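Top line first, the protein sequences correspond to chains L, B, W and A.
For what it's worth, my numbering labels the leading residue of the first sequence as 1, then goes sequentially.
For what it's worth, my numbering labels the leading residue of the second sequence as 1001, then goes sequentially.
For what it's worth, my numbering labels the leading residue of the third sequence as 2001, then goes sequentially.
For what it's worth, my numbering labels the leading residue of the fourth sequence as 3001, then goes sequentially.
Honestly, the hints are just simulated from the structure, not real lab data.
Hints are supplied without guarantee of correctness; some may be wrong.
Claimed, not checked - Listed next, the stretches of chain W that the computed footprint assigns to chain L, with coverage defined by at least 3 CB atoms under 8 angstroms from CB atoms of chain L:
id: 1; segment: 2029-2035
id: 2; segment: 2265-2274
As the list claims (entries may be wrong) - Listed next, the in silico DSS-like pairs over lysine-lysine satisfying Cα-Cα at most 30 angstroms (straight line):
id: 3; chain 1: W; residue 1: K2202; chain 2: L; residue 2: K241
id: 4; chain 1: A; residue 1: K3303; chain 2: B; residue 2: K1231
id: 5; chain 1: B; residue 1: K1198; chain 2: W; residue 2: K2303
id: 6; chain 1: B; residue 1: K1173; chain 2: A; residue 2: K3304
id: 7; chain 1: B; residue 1: K1076; chain 2: W; residue 2: K2303
id: 8; chain 1: L; residue 1: K85; chain 2: B; residue 2: K1025
id: 9; chain 1: B; residue 1: K1076; chain 2: A; residue 2: K3202
id: 10; chain 1: W; residue 1: K2202; chain 2: A; residue 2: K3303
id: 11; chain 1: W; residue 1: K2303; chain 2: A; residue 2: K3202
id: 12; chain 1: B; residue 1: K1241; chain 2: A; residue 2: K3080
id: 13; chain 1: W; residue 1: K2202; chain 2: L; residue 2: K173
id: 14; chain 1: W; residue 1: K2014; chain 2: A; residue 2: K3202
id: 15; chain 1: W; residue 1: K2202; chain 2: L; residue 2: K80
id: 16; chain 1: B; residue 1: K1080; chain 2: L; residue 2: K80
id: 17; chain 1: A; residue 1: K3288; chain 2: L; residue 2: K173
id: 18; chain 1: B; residue 1: K1080; chain 2: L; residue 2: K85
id: 19; chain 1: L; residue 1: K198; chain 2: A; residue 2: K3303
id: 20; chain 1: A; residue 1: K3202; chain 2: B; residue 2: K1080
id: 21; chain 1: B; residue 1: K1198; chain 2: L; residue 2: K25
id: 22; chain 1: A; residue 1: K3288; chain 2: W; residue 2: K2202
id: 23; chain 1: B; residue 1: K1198; chain 2: A; residue 2: K3202
id: 24; chain 1: L; residue 1: K80; chain 2: A; residue 2: K3288
id: 25; chain 1: B; residue 1: K1198; chain 2: W; residue 2: K2304
id: 26; chain 1: L; residue 1: K4; chain 2: W; residue 2: K2288
id: 27; chain 1: L; residue 1: K4; chain 2: B; residue 2: K1085
id: 28; chain 1: W; residue 1: K2288; chain 2: A; residue 2: K3202
id: 29; chain 1: W; residue 1: K2202; chain 2: A; residue 2: K3304
id: 30; chain 1: B; residue 1: K1080; chain 2: L; residue 2: K4
id: 31; chain 1: L; residue 1: K76; chain 2: L; residue 2: K25
id: 32; chain 1: A; residue 1: K3202; chain 2: W; residue 2: K2304
id: 33; chain 1: L; residue 1: K80; chain 2: B; residue 2: K1173
Quantities reported herein were computed from a predicted structural model and do not represent experimental measurements.
No residue lacks a Cβ here, since even glycine has one placed at the ideal position from N, Cα and C.
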Amino acid sequence: MIQKELCQIISQTEIADDIFEITVKASMVSQIKAPGQFVHIRVADALDPLLRRPISISSFNSVKGQMTMIYRRDGKGTTKLSEMKPGMELDILGPLGNGFPVEEMEIGETALLVGGGIGVPPLYELSTQLIARGIKVIHVLGFQTESAVFYEQEFLKNGETYVATVDGTYGTKGFVTDVIENLGFDAIYACGPTPMLKALERLYSDKKMFLSLEERMGCGIGACFACVCHKADDPTGFSYKKVCSDGPVFRAGEVVI
Amino acid sequence: MIQKELCQIISQTEIADDIFEITVKASMVSQIKAPGQFVHIRVADALDPLLRRPISISSFNSVKGQMTMIYRRDGKGTTKLSEMKPGMELDILGPLGNGFPVEEMEIGETALLVGGGIGVPPLYELSTQLIARGIKVIHVLGFQTESAVFYEQEFLKNGETYVATVDGTYGTKGFVTDVIENLGFDAIYACGPTPMLKALERLYSDKKMFLSLEERMGCGIGACFACVCHKADDPTGFSYKKVCSDGPVFRAGEVVI
Amino acid sequence: MNRLNVELPGLNLKNPIMPASGCFGFGREYSQFYDLNELGAIMIKATTVEPRFGNPTPRVAETDAGMLNAIGLQNPGLEKVLSEELPWLSQFDVPIIANVAGSLEEDYVSVASEISKAANVHALELNISCPNVKTGGIAFGTIPEVAKRLTRKVKEVSKVPVYVKLSPNVTNIVEMARAVEEGGADGLTMINTLVGMRLDLKTGRPILANNTGGLSGPAIKPVAIRMIYEVSQAVSLPIIGMGGVQSAEDVIEYFYAGASAVAVGTANFVDPFVCPTIIEELPVLLEKLGFEHISECKGRSWKKHGELTYHRA
Amino acid sequence: MNRLNVELPGLNLKNPIMPASGCFGFGREYSQFYDLNELGAIMIKATTVEPRFGNPTPRVAETDAGMLNAIGLQNPGLEKVLSEELPWLSQFDVPIIANVAGSLEEDYVSVASEISKAANVHALELNISCPNVKTGGIAFGTIPEVAKRLTRKVKEVSKVPVYVKLSPNVTNIVEMARAVEEGGADGLTMINTLVGMRLDLKTGRPILANNTGGLSGPAIKPVAIRMIYEVSQAVSLPIIGMGGVQSAEDVIEYFYAGASAVAVGTANFVDPFVCPTIIEELPVLLEKLGFEHISECKGRSWKKHGELTYHRA
Ligand SMILES: Cc1cc2nc3c(=O)[nH]c(=O)nc-3n(C[C@H](O)[C@H](O)[C@H](O)COP(=O)(O)OP(=O)(O)OC[C@H]3O[C@@H](n4cnc5c(N)ncnc54)[C@H](O)[C@@H]3O)c2cc1C
Ligand SMILES: Cc1cc2nc3c(=O)[nH]c(=O)nc-3n(C[C@H](O)[C@H](O)[C@H](O)COP(=O)(O)OP(=O)(O)OC[C@H]3O[C@@H](n4cnc5c(N)ncnc54)[C@H](O)[C@@H]3O)c2cc1C
Ligand SMILES: Cc1cc2nc3c(=O)[nH]c(=O)nc-3n(C[C@H](O)[C@H](O)[C@H](O)COP(=O)(O)O)c2cc1C
Ligand SMILES: Cc1cc2nc3c(=O)[nH]c(=O)nc-3n(C[C@H](O)[C@H](O)[C@H](O)COP(=O)(O)O)c2cc1C
Ligand code: FES
Ligand code: FES
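Make a model of the complete structure from these sequences and hints.
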């Protein structure tokens, strides 16, 4: 069930340039169904900014009743969020949407987790849950530049991890797709910029694949029709899916990205 | 000279129901010319609320470089202000306007200081400066009800002090004017609601009198023409005075209140 | 004592608070948060004859104290609304106000005649003011004669009272209100969104795929209040007011201006519980302000003191 | 390298930032805070033939991300502006744009012909859009033919280029822009305030003594951006944009929309240093966005990529 909760901030740290990791205490953690779900955060108990900000849950701890989000300080809202201190309360709506299906893989199979920039966070919880189920994971993480890289060590603990930076200042120079070519795997789980998702869908149409989409949102719960996309089987028709409530994770080929 | 300064909050206390006393460190204190001047406070480094709030300087300490304001928590801005904690910085524009002329009285004369509600604060600094110049002061302070009364003790230290409450829960029941009838004095200094100022002007037209006006403000420095009032000698004409820059203190009979 | 019940043409409301069209879908999502029976009424998403996908995304953009939307009237179409959405809503004892949209007069007429037959549809809201549909749309909301004619046509076929939703994007709102009154409207709802735009700092291009969008939220409240103040004095139709309502205080301000009920749109996105919260806070605020009943607040901004119902405070 | 200088009819500006009329008086007050020579230009308070006291107080009210004002064109009158204000301003090397207002055509004409003779007045801003004057005023800003005629009359007598200030309170802003272009205007300034209102929760009455007032501030920015986007594509006149500008980012957004210069109004009340601060921040932001000169930003929101001047980023 979706909850609206005032969550106490446990910690907040800048883990890379403009990249913040925030952990909150939240009873809604018990409602999380799958990795890749997100929350809708109200950063100001005032009108500035007005709307909530959608941020993925990057990991959670049911025992402690805590969840962690990783976000990039970008505009008004995330800048305000980054200024909040432990002890303060944050108005969070969640958990929202449908996450990555971990049960789609058999023990012994290999899952390729591909993340681009702020698409990387939700893959961490996914990775943890997959290995817990005896599935092998390979991580390919793409970033703009060295200073933007985060969580490489965390991912390494779970399995093989390759990093690519657009400017080549760290890891392989280029895009995640340049790295993937040489890897073997049974399925792809990806989250990142639309061009990246499009490329993956084009290059690996033969593989089982799950993609997490991003879209500007109003309500975050399926009521305002802000975040719709066309269904692949009816690309110009009336049928649609809502990224916030039907997604953000879709099976490759299900919707037009 | 008017300064725009980020002032550190030294202390903030609720001294009566919804009445707060806030003290800040401010180099602009050196610019204060007279009691009754005010500052224009920006309570949020955001758009909510947008405009500054005019608040009188109730006392200041040139040595420490500190000034104190007393305000009532009322709407959006003052509510936000009341939530600020010591150590935080406050964007203050000031000192603004022209205060009460203390040099208008001779040693040995008696000044009657009349304050109503949130009009009381600026009289405190005035009282202190008057007695320092060897002038006798009598204070008549009007409040709505007992729980709204503040600074009685402080004023008592400076001289005779009478309190009136509208509902009679404390001091004399009724208005300040009911108390004044029986007092002897040479001049009146008053700050409070317009009806009170009007009554004083009507009843004591023979006396030397200085009144501090209140008006909704935009800029607070004389540029936007939000706070004008007619001059008494030309009540329907074009000539005017600006409460923010010509006032807020005017000699009785100078402007139409 | 019920301080909140109000009577409007076709609408017998336990309270005057309802979600605004397009900001509440068909109710399903918000029913996860609270019992929709708490609401005075529900204004459902615009319905058109055929299903519509609407505009490409991005469809929303944030602005200072507001937001822009260019959904483009996406909806499942008349048939589905009749066969699925309205029946689902009938489980609640809440009057539905059906928002009717289209590009041609016929469209409005066919939707109106059909949807007004649904048992739980107690009134229609003629959306002649959607800023986000290219064809025709605009004229209906900006040319008095056209609006009047459409209103009359729809009145002829509707089985329930017809409220016309006015666009604020006009030089003379009173003229528009008078026109639809002459057209036979039973009430007005106002305001729809102001046409606005935001550009992306990095690309220089509009953030919305549709370029322009409708501005809603607190930013437009002063415009809505002004228009309701003017219109409520010029016509005798009841007005359901909307535009940036976020709190019980806002609701009272709308009543003061001349509204008889109030709709809440954008605020639902900020706080899904905003409607029940306002409904809960209203009686307390009325008590504090000294009103026996919310109807006493109506039109206080312009009524002569003589006309004012007794006020304790 | 100067990234900010711009050329407009009659105005050779070192930078495109100027305080908006009515938000800066005649400059005296703000000269306490900084050297007015830093400004690209100054739009002085509206001037009328006779001195005006304006409306009763309260004249301002705060709204969400905005404010309402109903000053009512208070000003010392043409004679005093010519004999005191303009001479005082002449100590600064800053072009003055004189805001001209009135109730009758003759008023505008007489003020324009006289004030345009002043040496430091480099352009006029015809205020046909003040929402706060009862008589006539409105028609000038809402009826294309009337606006066109007034523009022509003023052009006949003015010694300097004439910019016409458009009102956003119209159904069709493009129609108004075209009309004044035909009337011979040299440029446009937009937007003036939206007509709005706020009511006092305790009394139920309007906060402004004038009841309604002009809405300004960030709240109206999306409407201004949209109108400039539309108008800049429809007419060939340069536009000085305004409405809620608070930062260098806002200025860039106005240029993207199609403005050639930007005026800052309400923000001066929030931060008296806002104009010099923006002027200081602009070059840095342009560098960050990859522009050599601010003029490269102009019209990016609608220009075809081919028409765009080279962009490094
Ligand atoms: C399902 C989902 C999950 C996301 N998870 C993460 C995450 O884990 N970490 C992270 O850093 N970012 C994530 N994002 C992107 C994040 O929502 C935006 O970066 C953020 O909203 C920008 O807000 P702002 O205040 O910084 O920018 P502003 O420019 O102030 O935002 C203005 C408006 O645009 C919206 N907006 C701006 N950029 C985006 C965007 N890229 N996607 C959606 N809305 C946007 C904002 O929500 C707001 O409504 C996610 C987005 C979605 C849809
Ligand atoms: C020269 C001067 C000195 C003042 N000194 C004091 C003081 O020492 N202590 C104190 O408690 N109050 C003082 N006031 C009144 C104080 O400015 C208002 O109470 C305060 O601005 C209300 O803001 P708010 O956010 O609580 O109310 P809101 O309703 O949020 O205010 C909305 C807008 O209305 C304006 N406003 C509302 N009430 C008043 C008012 N009574 N006077 C002027 N503007 C108003 C606000 O400034 C703001 O722009 C003074 C006013 C003036 C003009
Ligand atoms: C996302 C969104 C979708 C909307 N869809 C509709 C609609 O389908 N029909 C309609 O008449 N109004 C629609 N509106 C306008 C609202 O009903 C309302 O008139 C407007 O938003 C002002 O109210 P608010 O400020 O409380 O949102 C929509 C508004 C928003 C924000
Ligand atoms: C207090 C005040 C007074 C104004 N006076 C005038 C005026 O005399 N003439 C005029 O053309 N515009 C006047 N305006 C409108 C502004 O010049 C500007 O067009 C409008 O405020 C939008 O810009 P902003 O949002 O930056 O304030 C006034 C605005 C304010 C807030
Ligand atoms: S954000 Fe409202 S429907 Fe998805
Ligand atoms: S507040 Fe602007 S002139 Fe006084």
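Comparing the hints with the structure gives:
| no. | hint | result |
| --- | --- | --- |
| 1 | 2029-2035 | holds (count 4) |
| 2 | 2265-2274 | holds (count 7) |
| 3 | W:K2202 with L:K241 | holds (29 angstroms) |
| 4 | A:K3303 with B:K1231 | violated (55 angstroms) |
| 5 | B:K1198 with W:K2303 | holds (28 angstroms) |
| 6 | B:K1173 with A:K3304 | violated (75 angstroms) |
| 7 | B:K1076 with W:K2303 | holds (28 angstroms) |
| 8 | L:K85 with B:K1025 | holds (25 angstroms) |
| 9 | B:K1076 with A:K3202 | holds (15 angstroms) |
| 10 | W:K2202 with A:K3303 | holds (15 angstroms) |
| 11 | W:K2303 with A:K3202 | holds (15 angstroms) |
| 12 | B:K1241 with A:K3080 | holds (16 angstroms) |
| 13 | W:K2202 with L:K173 | holds (24 angstroms) |
| 14 | W:K2014 with A:K3202 | holds (25 angstroms) |
| 15 | W:K2202 with L:K80 | holds (20 angstroms) |
| 16 | B:K1080 with L:K80 | holds (17 angstroms) |
| 17 | A:K3288 with L:K173 | holds (24 angstroms) |
| 18 | B:K1080 with L:K85 | holds (18 angstroms) |
| 19 | L:K198 with A:K3303 | holds (28 angstroms) |
| 20 | A:K3202 with B:K1080 | holds (20 angstroms) |
| 21 | B:K1198 with L:K25 | violated (57 angstroms) |
| 22 | A:K3288 with W:K2202 | holds (10 angstroms) |
| 23 | B:K1198 with A:K3202 | holds (22 angstroms) |
| 24 | L:K80 with A:K3288 | holds (22 angstroms) |
| 25 | B:K1198 with W:K2304 | holds (26 angstroms) |
| 26 | L:K4 with W:K2288 | holds (29 angstroms) |
| 27 | L:K4 with B:K1085 | holds (28 angstroms) |
| 28 | W:K2288 with A:K3202 | holds (10 angstroms) |
| 29 | W:K2202 with A:K3304 | holds (16 angstroms) |
| 30 | B:K1080 with L:K4 | holds (24 angstroms) |
| 31 | L:K76 with L:K25 | holds (24 angstroms) |
| 32 | A:K3202 with W:K2304 | holds (16 angstroms) |
| 33 | L:K80 with B:K1173 | violated (50 angstroms) |
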